[in-house]
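Chemist: Now for the letters of each chain:
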Amino acid sequence: MRFMYIVTSPQPQVGPTPGLLEAMHKLADREIKAGRMLDNGGLMPLQTGAQVRIRDGKLSVIDGPFVEVKEVVGGYAIFELRDKEEALAMAREFMQLHLEHLPDWEGTCEVRAFAGP
Amino acid sequence: MTAADIHPAILAAWRIEQPRLITSLSRMLRDVTLAEELTQDALVAALEHWPLTGIPEKPGAWLMATAKRRALDHLRRARMLARKHQMVALELEAEQQTMPDPDAALDDDIGDEMLRLIFTACHPLLSREARVALALRMICGLTTEEIARAFLVSDATISQRVVRAKRTLSESGLAYETPSGSELSERLAAVLEVVYLIFNEGYIAARGEHWLRPQLCQEALRIGRVLTSIAAHEPEAHGLLALMELNASRTAARTDTSGEPVLLLNQNRALWDQLQIRRGMQALGRARELGGSGGFYALQAAIIACHAQARTAGETDWPLISGLYSELSDLVRSPVIELNRAVAVGMAEGPAAALAIVNRLVDEPALKAYHLLGSVRGDLLCKLGRYDEARAAFEAAAELAANKREQELLRRRAAEAADAATASS
Numbered sequence: 115m116r117f118m119y120i121v122t123s124p125q126p127q128v129g130p131t132p133g134l135l136e137a138m139h140k141l142a143d144r145e146i147k148a149g150r151m152l153d154n155g156g157l158m159p160l161q162t163g164a165q166v167r168i169r170d171g172k173l174s175v176i177d178g179p180f181v182e183v184k185e186v187v188g189g190y191a192i193f194e195l196r197d198k199e200e201a202l203a204m205a206r207e208f209m210q211l212h213l214e215h216l217p218d219w220e221g222t223c224e225v226r227a228f229a230g231p
Numbered sequence: 015m016t017a018a019d020i021h022p023a024i025l026a027a028w029r030i031e032q033p034r035l036i037t038s039l040s041r042m043l044r045d046v047t048l049a050e051e052l053t054q055d056a057l058v059a060a061l062e063h064w065p066l067t068g069i070p071e072k073p074g075a076w077l078m079a080t081a082k083r084r085a086l087d088h089l090r091r092a093r094m095l096a097r098k099h100q101m102v103a104l105e106l107e108a109e110q111q112t113m114p115d116p117d118a119a120l121d122d123d124i125g126d127e128m129l130r131l132i133f134t135a136c137h138p139l140l141s142r143e144a145r146v147a148l149a150l151r152m153i154c155g156l157t158t159e160e161i162a163r164a165f166l167v168s169d170a171t172i173s174q175r176v177v178r179a180k181r182t183l184s185e186s187g188l189a190y191e192t193p194s195g196s197e198l199s200e201r202l203a204a205v206l207e208v209v210y211l212i213f214n215e216g217y218i219a220a221r222g223e224h225w226l227r228p229q230l231c232q233e234a235l236r237i238g239r240v241l242t243s244i245a246a247h248e249p250e251a252h253g254l255l256a257l258m259e260l261n262a263s264r265t266a267a268r269t270d271t272s273g274e275p276v277l278l279l280n281q282n283r284a285l286w287d288q289l290q291i292r293r294g295m296q297a298l299g300r301a302r303e304l305g306g307s308g309g310f311y312a313l314q315a316a317i318i319a320c321h322a323q324a325r326t327a328g329e330t331d332w333p334l335i336s337g338l339y340s341e342l343s344d345l346v347r348s349p350v351i352e353l354n355r356a357v358a359v360g361m362a363e364g365p366a367a368a369l370a371i372v373n374r375l376v377d378e379p380a381l382k383a384y385h386l387l388g389s390v391r392g393d394l395l396c397k398l399g400r401y402d403e404a405r406a407a408f409e410a411a412a413e414l415a416a417n418k419r420e421q422e423l424l425r426r427r428a429a430e431a432a433d434a435a436t437a438s439s
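These protein sequences, in sequence, are chains A and B.
Using this note's numbering, the first residue of the first sequence is number 115, and each one after it goes up by one.
Using this note's numbering, the first residue of the second sequence is number 15, and each one after it goes up by one.
Fair warning: there could be bad hints in the mix.
Unchecked claim - In silico negatives: residues of chain A with every beta carbon more than 12 Å from chain B:
(1) V121
(2) G129
(3) R144
(4) V183
(5) G188
(6) T222
To be verified - A partial selection of chain B residues facing chain A, derived with a Cβ cut-off under 8 Å:
(7) R29
(8) I30
(9) E71
(10) G74
Stated by the list, open to error - With a cut-off of at most 30 Å between alpha-carbon atoms, the simulated DSS-like pairs for lysine-lysine come out as follows:
(11) A/K198 / A/K147
(12) B/K418 / B/K397
(13) A/K184 / A/K147
(14) A/K147 / B/K82
(15) B/K180 / A/K147
(16) B/K397 / B/K382
(17) A/K198 / B/K72
(18) B/K82 / B/K180
(19) A/K140 / B/K82
(20) A/K184 / A/K172
(21) B/K382 / A/K198
(22) B/K82 / B/K72
(23) A/K198 / A/K184
(24) B/K72 / A/K140
(25) B/K418 / B/K382
(26) B/K72 / A/K147
Just so you know, the hints here were simulated from the structure itself, not pulled from any lab data.
Glycine included, every Cβ here is placed at the ideal spot set by N, Cα and C.
Here chain A stands alone, though its shape is the one from the complex (with noise of 0.2 Å):
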């Protein structure tokens, strides 16, 4: 099954230190090796990118500031994995990193399995 893991966390963003990209690079390397990970990506910070919306019918393109934002991807991950219940233990683990090395970090890891066979 494939999984997509979706890192969001409220604004402004904590970057991570130097110990947590380690350790996150340290895991990738083991999950690329271990033949799980398919693709994985950090997202540049919101402020620099822009939004393109529909509300009441009409199209906007919204390029900043975004101030009612509330939560925003900072990145994601693909993986194949056997079930559910590794998708779950994997992103476990991934958080795990977060809580040691930014204790004061909150965020949330999304796990999505994706539709299809």
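Assemble the complex: chain A is given as a structure, and chain B must be docked to it using the hints.
Modeler: This is chain B only, laid out in the frame that chain A set:
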């Protein structure tokens, strides 16, 4: 959470750690079969403890500590006759007594150890079936029950196979090391063969009612990805991964909503998995960069890549495919490859040229029980308007097909040919 609820979570945590557990223990004990047993013991320990204590914050570290303790006990019990073992045990004990670094578990680079493990599990000394079972168990961490279910055989059959294979390995006194030089490519071929067997068992599902058993494909893909990261300089490892990724990219399109097979040229290409195609093309590119474009797996991957890159069935580059099959046929003399070449020639040059190749294969002993020969022949005869002969070919092929879905497809084609024969007479 009840004990029954927590079991899948424990198994999942163990599986994530399993490659590191077995490689660490193999390094400690220099004995993969024992390492595998103690890795399983760590799972049993977790199944006993965690329902009472809850899953620890760092399940991986818990499992590793437990497994290493068992290995240490074992080394002690073995009375450490050899001085070397004493040294190892002392070092390990010292290591256990120092404060564990929270990230130490992530530090070990298991690549070389994993490669040794894969080479051992897929040793040519073992039968193919035994290699397949050991690989799934040691490398993928599947249980005996899971392997049995995937291969539609009894638990007892698989556990016997595993026990016998382990005994063979123990009694052989094999050096537990990565082969080098010319032995490496020979041994690698045995490994790749096992991985491809596992993949095809899932992809073609030769027996049973279902067209696909995707779990086996996933396991084979995983080993393939592991191999390309730890044996990164081996072109055929990349070639095989490319072949599997590209084939697996069509999974969603290979059956319709009622589970009926859909042949490649009729598939909805929008359902092909583009992420997987991209990964497959990358792996094929890597195989070529390493000078392996003429390899057995790389050539097959190149053929599938032609399909993956055609936006519609009509845009398929059949002359290129037909050329690649010629190259493959020169590399490996196989009537099955020759049959596939005939299909490509049929598309590139027309059914008459293809039928000439197929007719040369009719008396091949290796194809006597191969239903696809009749299936291809029937198809070509249909295209040439020889419907009666086509019907007979499809009917004979249906008798030979072991997969129920395939049988039904062939019977349907026989009936269509019969109708066409009536209409044209």
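Chemist: Need the status of pair B/K397, B/K382: alpha-carbon distance at most 30 Å?
Modeler: Between B/K397 and B/K382 the Cα gap is close to 23 Å, so the pair holds against 30 Å.
Chemist: Restraint: B/I30 near chain A, CB-CB cut 8 Å. Satisfied or not?
Modeler: holds (5 Å)
Chemist: Does B/R29 meet its interface restraint, that is, does its C-beta lie within less than 8 Å of any C-beta in chain A?
Modeler: holds (6 Å)
Chemist: Against the 30 Å threshold, does the CA-CA distance of B/K82 and B/K72 hold or violate the hint?
Modeler: holds (16 Å)
Chemist: Was A/V183 rightly flagged as not at the interface, with every chain B Cβ beyond 12 Å?
Modeler: Holds, because the least Cβ-Cβ distance between A/V183 and chain B comes to about 28 Å, which exceeds 12 Å.
Chemist: Holds or violated: A/K147 and B/K82, Cα atoms, limit 30 Å.
Modeler: Holds, at about 22 Å.
Chemist: Determine whether the non-interface label on A/G129 survives the test: each CB of chain B must be over 12 Å from its CB.
Modeler: holds (20 Å)
Chemist: Decide if the proposed pair is consistent with the structure: A/K198 and B/K72, CA atoms, cutoff 30 Å inclusive.
Modeler: holds (19 Å)
Chemist: Closer than 8 Å between Cβ atoms is the bar; does B/G74 clear it against chain A? Give me holds or violated.
Modeler: Since chain A brings a Cβ to about 7 Å from B/G74, closer than 8 Å, the hint holds.
Chemist: Hinted pair, alpha-carbon criterion (30 Å max): A/K198, A/K147. Please report holds or violated.
Modeler: holds (21 Å)
Chemist: Does the alpha-carbon distance linking A/K198 and A/K184 stay inside the 30 Å limit?
Modeler: Judged against 30 Å, a Cα distance of about 27 Å means the pair holds.
Chemist: Checking one constraint from the list: CA of A/K184 to CA of A/K172, max 30 Å. Satisfied?
Modeler: holds (22 Å)
Hints 3, 13, 21 from the list above are not met by this structure, while the remaining hints are.
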